[in-house]
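Just need the whole structure built from these sequences, with the hints factored in.
Going down the list, the protein sequences come from chains A and B.
Heads up: the first sequence is residues 1 to 316, going by my numbering.
Heads up: the second sequence is residues 1 to 339, going by my numbering.
Honestly, the hints are just simulated from the structure, not real lab data.
None of the values given here were measured: they were computed from a predicted structure.
Accuracy of the hints is not assured; some may be wrong.
Said to hold, decoys possible - Here's a subset of chain A near chain B, in silico, CB distances under 7 Å, partners left out:
(1) PRO34
(2) PHE35
(3) SER105
Claimed, not checked - Just a few of them, taken from the derived set where beta-carbon distance is under 7 Å, the chain A residues facing chain B:
(4) SER36
(5) PRO99
(6) LEU264
(7) CYS270
(8) GLN272
C-beta atoms are modelled at their ideal positions from N, C-alpha and C, and glycine is treated no differently.
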Amino acid sequence: MSIDTIQVRVTAIAEVAPAIREFTLAPVGGELLPFSPGSHVVVEMPAEPRPHRNAYSLLSDPRESGSYRIAVRRQETSRGGSIYMHESVAVGDELSITPPANLFSPAWSARKHLLVAGGVGITPFMSYLPELERRGANFELHYLYRSSSTGAYREQLEQTLGERCFLYDSEAGNRCELGTLLADQPRGTHVYICGPETLIAGVHEVAQSLGWPESHIHYEAFAAPQPGNPFEVELARSGVTLNVDADSSLLEVLEGAQVQVPNLCRGGVCGQCQTRVLSGDVEHRDEFLSAAEREQGESIMPCVSRAAGKRLVIDL
Amino acid sequence: MRMAPKPIQSFRDDFTYSNSPGAIARFPFPFPEDEYMYSVNIEPHVTPGPEGSVYEHLLDIDEHYLSEMHERGLVLEENPKRCLAMPHMDLACWDMIERVMESFSNDYPEYFALTKEGDNWTWENKLLNLKDSFVFGDSSTLPLPPMEYIGRQVQGDFALLDQRDGDLFLDAGIVTCPADWSLAFDAGMSFKDWHGPVPMAHEMGIFDRALKYLCAIPQGRPVRRLNWTLTVNARMDTSPETYPMWGTDRASVTPENVGEKVHLRVELQVLDRMPRSNALMFSIRTYLISLEDLVTNPEWAKRMHRVMKSLPEQLIEYKGLSRYHPMVVEWLSQFDPAN
Numbered sequence: 001m002s003i004d005t006i007q008v009r010v011t012a013i014a015e016v017a018p019a020i021r022e023f024t025l026a027p028v029g030g031e032l033l034p035f036s037p038g039s040h041v042v043v044e045m046p047a048e049p050r051p052h053r054n055a056y057s058l059l060s061d062p063r064e065s066g067s068y069r070i071a072v073r074r075q076e077t078s079r080g081g082s083i084y085m086h087e088s089v090a091v092g093d094e095l096s097i098t099p100p101a102n103l104f105s106p107a108w109s110a111r112k113h114l115l116v117a118g119g120v121g122i123t124p125f126m127s128y129l130p131e132l133e134r135r136g137a138n139f140e141l142h143y144l145y146r147s148s149s150t151g152a153y154r155e156q157l158e159q160t161l162g163e164r165c166f167l168y169d170s171e172a173g174n175r176c177e178l179g180t181l182l183a184d185q186p187r188g189t190h191v192y193i194c195g196p197e198t199l200i201a202g203v204h205e206v207a208q209s210l211g212w213p214e215s216h217i218h219y220e221a222f223a224a225p226q227p228g229n230p231f232e233v234e235l236a237r238s239g240v241t242l243n244v245d246a247d248s249s250l251l252e253v254l255e256g257a258q259v260q261v262p263n264l265c266r267g268g269v270c271g272q273c274q275t276r277v278l279s280g281d282v283e284h285r286d287e288f289l290s291a292a293e294r295e296q297g298e299s300i301m302p303c304v305s306r307a308a309g310k311r312l313v314i315d316l
Numbered sequence: 001m002r003m004a005p006k007p008i009q010s011f012r013d014d015f016t017y018s019n020s021p022g023a024i025a026r027f028p029f030p031f032p033e034d035e036y037m038y039s040v041n042i043e044p045h046v047t048p049g050p051e052g053s054v055y056e057h058l059l060d061i062d063e064h065y066l067s068e069m070h071e072r073g074l075v076l077e078e079n080p081k082r083c084l085a086m087p088h089m090d091l092a093c094w095d096m097i098e099r100v101m102e103s104f105s106n107d108y109p110e111y112f113a114l115t116k117e118g119d120n121w122t123w124e125n126k127l128l129n130l131k132d133s134f135v136f137g138d139s140s141t142l143p144l145p146p147m148e149y150i151g152r153q154v155q156g157d158f159a160l161l162d163q164r165d166g167d168l169f170l171d172a173g174i175v176t177c178p179a180d181w182s183l184a185f186d187a188g189m190s191f192k193d194w195h196g197p198v199p200m201a202h203e204m205g206i207f208d209r210a211l212k213y214l215c216a217i218p219q220g221r222p223v224r225r226l227n228w229t230l231t232v233n234a235r236m237d238t239s240p241e242t243y244p245m246w247g248t249d250r251a252s253v254t255p256e257n258v259g260e261k262v263h264l265r266v267e268l269q270v271l272d273r274m275p276r277s278n279a280l281m282f283s284i285r286t287y288l289i290s291l292e293d294l295v296t297n298p299e300w301a302k303r304m305h306r307v308m309k310s311l312p313e314q315l316i317e318y319k320g321l322s323r324y325h326p327m328v329v330e331w332l333s334q335f336d337p338a339n
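Take a look at the structure:
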């Protein structure tokens, strides 16, 4: 048993917020795999010159695995994956996705779950909520958004969750006082954050300053690869040299050259693509390597990290 | 060769357990080199593996199925705490039920059948004469708690590891044939806690690397490794709880009976990501072979001698072999021409 990709068909597309579209993905033959709350899949988009591969959280109820749903926020300044999903994908199209993987699972033994979502960061919590309900867990959702672009599913959430749902539309001047929110929680509460980096950093900082144990703070920190300076990479085993342009990640260039590198998140979190560096300095942009490992300079996470200089030699 | 289950033999008292020539031929001999090397010997558990081998299917069933299930029943009767599941692991237990039932009914259709109508499942185990209908996910519809229900139908020990904060926690398990570790003692512990006593590996950074790797195991790509020790008599249950029953066995080894008494005990460990709970299922399938049976394969006999002879002192002690290790080396030397 080894599953690498799953073919799915887009059976519905819905605008769930001004800048967010929801895609329903049904299996092409066979059944979809069950998944756990917080799981994501990597969607491969057949773009030119090379495919986009983006990770998206599954937002359906894990108990209903007849189809998967994902939501994509249009990112005007990104490298094009979300624009491709918005402009080039139509109902009836086939896409290939990876099996679900989970790097953001709830801590089931928590006494209380405090979910903090920012914008499209609501998506992983959409799969948490039905399971938290089934388990009779104690939880609250705090959802921060801008109604002119995000805020998907908020009416539905308000309706089903009632007083456990707290909405903050920044454009209506509703602010979430993180200090009060985090200071007010019973012992044994775990906080989960998914949203922009600033929100993750903000909650993390406040929680730390209030003495929350690190083990009770969870966040989904996929960093989509950001552009950088172009560099050259030499593959020591084959002697091949490749050019990594400013807009491509090292992983994408390797894949374009048919060099297989295992990967799950494509966002510097899962650790699967760790590759040995033989020479050259690395600009580390991942969340995976420890400070000591960065110091040693013997590894790179090619999904997000780049050469600090003009050239790298890696053990591939 | 595929192995049909044979009538019940015992792993205690009169020790009637024996391996047929077919079972010897498929024994997972764990030493790839003449010298024993400590390493993270993890590899993908790609199935189907070679036909008839212990690697053919995700979960291996062999001629000892009925004997091991009988033994499990005896152990659980003596000590119900050999099966534990914390409340938050209920979904993970159902993941295990699904994995075992799906695998068994696909891989061994002559013995097992699963029919599903939505969440209404019917499971038939012809080897144990069981037929049960239940609602998937609803533990109140099973005759036993979910972990015990399925654990009594599958060979090997099982642990379900909850994954949180980049660590794994031993929060559920059914453990009746351990190589000297206790589920009740380790329950709730983190990965590094329960590996605490293993010598040498900490210095080598093995556990840090292994933990990162295990946490990233994706659904549908299980991995496996072999572990080994020696056991006196064909005793499955060598747990700390029953130490008074077997601790003194070590003193019963003599130069005359070493080949018959001492068994190589190999664990085929498989780690498989559970889809609904994100837990890791850790199965520890134990194979026992007497040295007498092992040396019927001349290559194994020679290598076993070399490995035993070069085993570091720390490991001899950790594995509890000190008392009879010299006798094992001496007895095996007759099969090694280089000696």
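Each hint tested on the structure:
no.: 1; hint: PRO34; in the structure: holds, 4 Å
no.: 2; hint: PHE35; in the structure: holds, 6 Å
no.: 3; hint: SER105; in the structure: holds, 4 Å
no.: 4; hint: SER36; in the structure: holds, 4 Å
no.: 5; hint: PRO99; in the structure: holds, 5 Å
no.: 6; hint: LEU264; in the structure: holds, 6 Å
no.: 7; hint: CYS270; in the structure: holds, 5 Å
no.: 8; hint: GLN272; in the structure: holds, 5 Å
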